[in-house]
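Engineer: Turn these sequences into a full structure, and let the hints guide you.
Chains A and B supply the protein sequences, listed in that same order.
4 is the number of the first residue of the first sequence in our numbering; add one for each residue after it.
4 is the number of the first residue of the second sequence in our numbering; add one for each residue after it.
Just so you know, the hints here were simulated from the structure itself, not pulled from any lab data.
Don't take every hint at face value.
Heads up, the list lumps identical chains together, so a pair's fine if it works in one copy or across two of them.
With a straight-line cut-off of 27 Å between C-alpha atoms, the simulated DSS-like cross-links for lysine-lysine are [stated by the list, open to error]:
#  : residue 1 : residue 2
1  : Lys-6     : Lys-270
2  : Lys-191   : Lys-283
3  : Lys-283   : Lys-230
4  : Lys-233   : Lys-274
5  : Lys-233   : Lys-33
6  : Lys-230   : Lys-33
7  : Lys-179   : Lys-274
8  : Lys-6     : Lys-233
9  : Lys-144   : Lys-6
10 : Lys-96    : Lys-191
11 : Lys-33    : Lys-96
12 : Lys-283   : Lys-144
13 : Lys-212   : Lys-144
14 : Lys-212   : Lys-292
Protein chains: 2
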Amino acid sequence: MAKPNSIGVDIGGTNLRVALVSPEGRILGKTQQSSSVSLIDTLYGAIDRFAERNVSSIGIASAGLIDRERCVVNVSPNIPSVEGLDFMNLLGKYNLPIFLENDANLAAFGELRAGSGRNYSSFVLLTLGTGVGGGIVYDGKLMNIPAELGHVVVEPDGAQCSCGNHGCLEEYAAAKAMINMATSALEKGEQSSLRECCEGNIYRITPQKIYETAMEGDGLARDILRKAGKYLGIALSDFANIFNPEAFILTGGLTNAWDIYVEEAVKEAEKRAMRGLFKKDSVIRSTIKEDAGLIGAALYAQESSS
Amino acid sequence: MAKPNSIGVDIGGTNLRVALVSPEGRILGKTQQSSSVSLIDTLYGAIDRFAERNVSSIGIASAGLIDRERCVVNVSPNIPSVEGLDFMNLLGKYNLPIFLENDANLAAFGELRAGSGRNYSSFVLLTLGTGVGGGIVYDGKLMNIPAELGHVVVEPDGAQCSCGNHGCLEEYAAAKAMINMATSALEKGEQSSLRECCEGNIYRITPQKIYETAMEGDGLARDILRKAGKYLGIALSDFANIFNPEAFILTGGLTNAWDIYVEEAVKEAEKRAMRGLFKKDSVIRSTIKEDAGLIGAALYAQESSS
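Structural biologist: As structure tokens, then:
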């Protein structure tokens with residue numbers, strides 16, 4: 004019999020993604036559904052699809068702080084509905100070992116085993132989207148720490164974050180920050196072709212639109228991406244000074260704006276990091292992108308159960 | 004024959020400290036001398052004192068970024084005179100294995116083996132003095148990373164640090180910051196009994212004087228310690244969110260001001276850290292204090308050579 008597969012589950016914001024993953028980290032099947040009605044029913048439906056295909060374990064990736072022993076999400080500011088769910092119990096009917104880990108940590112694990120991190124023994128992974136997640140690989144292994152890199156402070160008296168802290172990186176360098184900057188500038192009457200995008204509704208602006216408009220030369224859009232990039236660069240410099248990783252692997256929707264946003268971050272980190280601790284070429288893209296968490300969850304479950 | 008001893012060297016700011024350390028981490032003899040004339044001659048004199056006493060290795064603790072392979076300090080903003088010294092060659096005449104590591108990393112190693120860290124498998128060590136140094140123990144082992152925790156950014160557009168960055172923790176939470184705050188407030192004419200200390204010379208104020216004056220109820224002195232403590236607390240919260248260590252071990256001269264300075268830091272970190280990631284009781288004092296680096300250097304050399 005072939006080596007068994009594993010199921011990876013990624014509990015994202017509004018979408019639940021489930022995949023059947025081979026022992027080598029290949030995705031053999033994948034579903035994506037809105038979990039807005041019932042997370043649990045959606046989860047059952049998705050797992051049922053794959054459960055008969057030589058599956059040995061289930062790995063679940065969720066945002067937030069995880070209690071690994073109990074398979075419970077303790078704190079999840081961005082997805083409060085998963086807090087306290089007893090996955091061990093809820094998925095008990097499958098009679099498979101269940102593992103729960105933070106989504107960015109599992110994305111780092113996925114990159115390490117089957118993505119851009121395969122050739123590195125140390126790297127810092129950052130997921131750049133609605134929020135900022137982090138995972139750290141050191142000495143060839145995923146570190147068993149929260150790595151809540153989106154919640155390091157970049158503005159001591161800054162805006163309050165959903166976690167309760169003030170001035171967190173994700174309030175200044177993630178999607179929310181970009182959208183807020185755009186909306187409030189336009190509300191103040193600033194000139195920008197962003198006003199014409201999204202059918203003229205400035206409350207529907209997305210980071211993608213900001214990037215497209217920036218690439219057409221719009222000043223406001225460029226400023227927004229540069230400002231967010233500057234804050235990302237401060238964090239990159241902090242992480243370089245702490246870890247001096249061989250690579251920074253960036254993933255998530257915002258990396259589409261690489262040319263301005265990430266480039267600015269790299270420039271800022273080069274200025275700030277201690278001599279020798281940051282190299283611009285160390286900042287790389289994920290090759291497995293949004294699948295990193297799914298693949299990481301499945302392979303993590305597989306390795307943890309064998 | 005008894006198990007051999009090791010020599011620990013701590014290259015501090017103006018003092019060079021050398022100790023003979025037993026395999027159990029006991030200090031059997033210690034010298035402390037000003038290294039302002041010649042670091043190397045002072046070093047030879049100190050090592051000569053102990054070299055005949057069953058010594059198997061020499062460990063050197065220095066501030067800055069270390070090239071361990073070559074035994075060279077690459078970058079040391081606070082002690083530029085050690086940059087580039089070839090310790091392997093300079094100490095070759097002793098025919099002993101030589102090891103060089105960052106001083107705060109070795110202080111963490113000393114705490115792990117023979118100090119406050121003995122009962123923890125993970126902790127963050129911070130040396131709080133002229134600058135801020137850091138060392139990280141994870142999974143029972145000293146992490147082999149720069150851990151330049153004094154150079155995380157706490158004020159993005161803040162004062163320039165000797166490392167070139169702006170707004171580093173050590174510019175806001177260490178001795179220099181406290182002294183600057185005192186001097187500039189007094190220059191502006193602010194009322195405070197700090198004006199009377201140090202024989203009326205406001206340019207000779209020390210953190211110790213600020214603490215003593217604060218304990219007598221002086222408003223300015225208390226404000227200075229609280230402000231520095233607040234920045235330290237921001238950093239504690241960052242490190243808690245990243246590492247969730249079992250303990251924070253604080254050492255260095257500034258910990259004398261624990262009651263105000265550290266207490267304020269703990270309060271700030273409690274407010275900021277993600278739920279469950281920071282406990283105030285996790286912040287503890289070093290038991291081996293300024294000897295941590297010496298002991299750590301000697302034991303590190305011993306373990307690395309055996």
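Engineer: Each hint needs a verdict: does it hold in this structure or not?
Structural biologist: Now for the hints, and whether the structure bears them out:
For the identical chains of this complex, Lys-6 and Lys-270 are neighbours neither inside a copy (46 Å) nor across copies (52 Å), given an alpha-carbon limit of 27 Å. Taking the shortest Cα distances, Lys-191 and Lys-283 never come within 27 Å of each other, neither inside one copy (36 Å) nor across copies (43 Å). Proximity of Lys-283 to Lys-230 under the C-alpha cut-off of 27 Å is restricted to the intra-copy arrangement: shortest distance 18 Å within a copy versus 35 Å between copies. Taking the shortest alpha-carbon separations for Lys-233 and Lys-274, both the intra-copy value of 11 Å and the inter-copy value of 26 Å come in at or below 27 Å.
With identical chains, the CA atoms of Lys-233 and Lys-33 are never at most 27 Å apart, being 36 Å at best within one copy and 48 Å at best between copies. Taking the shortest Cα distances, Lys-230 and Lys-33 never come within 27 Å of each other, neither inside one copy (36 Å) nor across copies (52 Å). Within a single copy, Lys-179 and Lys-274 get their C-alpha atoms as close as 26 Å, and across copies as close as 23 Å, so both meet the 27 Å cut-off. Neither within a single protomer nor between protomers do Lys-6 and Lys-233 lie at most 27 Å apart by alpha-carbon distance, with minima of 46 Å and 54 Å respectively.
For the homomeric pair Lys-144 and Lys-6, the shortest alpha-carbon distance inside one copy (23 Å) is at most 27 Å, but the shortest distance between copies (35 Å) is not. Proximity of Lys-96 and Lys-191 under a CA criterion of 27 Å is satisfied in neither setting, with 55 Å inside one chain copy and 72 Å between copies. In this assembly of identical chains, the alpha carbons of Lys-33 and Lys-96 lie at most 27 Å apart only when taken from the same copy (21 Å versus 65 Å across copies). Proximity of Lys-283 and Lys-144 under a CA criterion of 27 Å is satisfied intra-copy only: 23 Å inside one chain copy versus 30 Å between copies.
Taking the shortest Cα distances, Lys-212 and Lys-144 never come within 27 Å of each other, neither inside one copy (37 Å) nor across copies (47 Å). In this assembly of identical chains, the alpha carbons of Lys-212 and Lys-292 lie at most 27 Å apart only when taken from the same copy (20 Å versus 55 Å across copies).
Violated hints for the displayed structure, listed by number in ascending order: 1, 2, 5, 6, 8, 10, 13.
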